[in-house]
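Residues per chain are reported as follows:
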Amino acid sequence: MMIWVNQIVQGILLGGYYAVIACGLSFMFSVMRMINLAHGSLAIVAAFALFVLADQYGLNPFTALILVLPAMAALGWVLQRTILERSQRGGLLVPILSTFGLSIVVDNLLFEQFGADTRSLAPFIDELSYDSWSITDDIYIGKLAALTFVTAIIILGGLQLFLTRTQLGRAIRATAEDPDTVGLIGINAKRVNAAAAAIALVTVGIAGAFLGMRATFDAYAGGPQLIFAFEAAVIGGAGSLWGTLIGGIVLGVAQSVGAQISPQGFLITGHAVFLAVLFGRLHLDTIGTTFRKTVRRSA
Amino acid sequence: MSLLEIKKLDVRHGLLQAVRGVDLTVEKGETVALVGANGAGKTTLLRAIAGAHLPAGGSVHFDGVDITHIPAHSRVGLGVALVPEGRRLFSQMTVEENLILARSAGRKGPWTIDRVFEAFPNLVPRRKAKAGNLSGGEQQATAIGRALMTNPEILLLDEVSLGLSPLAVDRVYASLDTLIHGGTTIILVEQDLRRAMRVADRIVCMLEGKIVLEGKRGEITREQVSEAYFGLGSAKGRVHA
Chain A
-11 MMIWVNQIVQ GILLGGYYAV IACGLSFMFS VMRMINLAHG SLAIVAAFAL FVLADQYGLN
49 PFTALILVLP AMAALGWVLQ RTILERSQRG GLLVPILSTF GLSIVVDNLL FEQFGADTRS
109 LAPFIDELSY DSWSITDDIY IGKLAALTFV TAIIILGGLQ LFLTRTQLGR AIRATAEDPD
169 TVGLIGINAK RVNAAAAAIA LVTVGIAGAF LGMRATFDAY AGGPQLIFAF EAAVIGGAGS
229 LWGTLIGGIV LGVAQSVGAQ ISPQGFLITG HAVFLAVLFG RLHLDTIGTT FRKTVRRSA
Chain B
5 MSLLEIKKLD VRHGLLQAVR GVDLTVEKGE TVALVGANGA GKTTLLRAIA GAHLPAGGSV
65 HFDGVDITHI PAHSRVGLGV ALVPEGRRLF SQMTVEENLI LARSAGRKGP WTIDRVFEAF
125 PNLVPRRKAK AGNLSGGEQQ ATAIGRALMT NPEILLLDEV SLGLSPLAVD RVYASLDTLI
185 HGGTTIILVE QDLRRAMRVA DRIVCMLEGK IVLEGKRGEI TREQVSEAYF GLGSAKGRVH
245 A
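Chains A and B, in that order, give the protein sequences. Here the first sequence stands for residues -11 to 287, numbered as in this note's numbering. Here the second sequence stands for residues 5 to 245, numbered as in this note's numbering.
Hints in this document: simulated from the structure, not taken from any laboratory. Being a predicted model, the structure only gives us computed values, none of them experimental. One or more of the hints may lead you astray.
With a straight-line Cα cutoff of 30 Å, these simulated DSS-like cross-link-like pairs (lysine-lysine) come out [unchecked claim]:
(1) Lys12/B <-> Lys132/B
(2) Lys134/B <-> Lys112/B
(3) Lys134/B <-> Lys178/A
(4) Lys112/B <-> Lys178/A
(5) Lys132/B <-> Lys112/B
(6) Lys214/B <-> Lys11/B
(7) Lys12/B <-> Lys214/B
(8) Lys220/B <-> Lys11/B
(9) Lys178/A <-> Lys132/B
Turn these sequences into a full structure, and let the hints guide you.
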């Protein structure tokens, strides 16, 4: 029995990591109507940047984030102005194709630079990578996993506050709703979208850091990360910030419970739950609306 | 020097030329009503002045500055504000957020949140309501308030009475009266000819993208405007043009 409880606890914590990696994807989708297929690869870029800073210059990955996050923000700004914005003028499909192309370019540039070796940031964070708190005899909570989960909540809460309380945040929401009309009240929609891309890439940088600390990565590790981010975002309802956390948790719990059922069950259960939610959504939308109406009536 | 000087303006929607060689001058403090049938080019002309639609030819000077190729968001900073047709509020955001957003241009002036709520007291209880949940009249008041929050030199109003009940239209115009008499320069598009002739200093009638009649209030009659409106006896109408 306890073993299942433990798997669920570990799944929830894993969900925190998925929320960190998914929130940038979901933020870009909700704000800029842009599905960024280079999302995973860009997280790997951040992970490699942290690795180089730690390996060559002896910088602790947490300290190195002070350098890497602004660089990721700048990268987001430049990407938006040079690639994403142009591709969006070509319709819905072009951004997907161009970010897919971008991910291939990024992956192979990384491969050329760093080769096929797998790397990890774990050696640079000392005991944080393996230390844990013992809750009961059967349940341990990893310190890094807990830190990741708390970070997810801070990022999501921070984004929420930013979007509702600051002028730039409001401008981002308004631009998402009606990019033509914001110009009429003095907002430069292009600049707002570039700022939004910069913010999204900061979260990508953080995701890359946690990926590197909790596991290993290589030049082609971006693809699987993109899939997890995508699944978490879709399960949680693409574009909803807190939904992303729930989506991450659902995916994480499904995977850890699946792994408990069968050693090969980790990935397949996650994908199965994702597909079930996806198809469920297509059919359940009507049922959901009726349900909500009933709840409201009885409330 | 006139506040707004438009010369030989051409605006296209793809192959369709919506505005053809329009010349129009507006003095500071003036209220000009643009009238004309549907498709006459009134909305396109307003959007071209606001920069939402860049012209294919001609020029627009505002306060002596050539703004022909300046994008809309920069024109707001110079003092041009458009209340677009259909209001175009950010429906997921509250009334207050819609108003606060318009501070983005950073123009200083008399208009603040408090003054907008003073001018449109019907909005006060709706302050925290989502703009999408307001009544038509409240939405229109919010849209005008949002434009005023940019502290414009010239206010462009596109069919503010569209889709409103007669009572709501009266209320909107009552609050516009204060603006008009307070010396704000206004160009308004209005389908209701009687109302247009009552509030405006000058009537400009458009037909098929051209200005076919132009005259000061009191100098032109409703009959003249009606004829120009439908393109009847346009030769007579050109007297003032």
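These are the hints, each one checked on the structure:
no.	hint	verdict
1	Lys12/B <-> Lys132/B	45 Å, violated
2	Lys134/B <-> Lys112/B	26 Å, holds
3	Lys134/B <-> Lys178/A	25 Å, holds
4	Lys112/B <-> Lys178/A	24 Å, holds
5	Lys132/B <-> Lys112/B	24 Å, holds
6	Lys214/B <-> Lys11/B	12 Å, holds
7	Lys12/B <-> Lys214/B	10 Å, holds
8	Lys220/B <-> Lys11/B	20 Å, holds
9	Lys178/A <-> Lys132/B	28 Å, holds
Consistency with the previously given hints fails for number 1 only.
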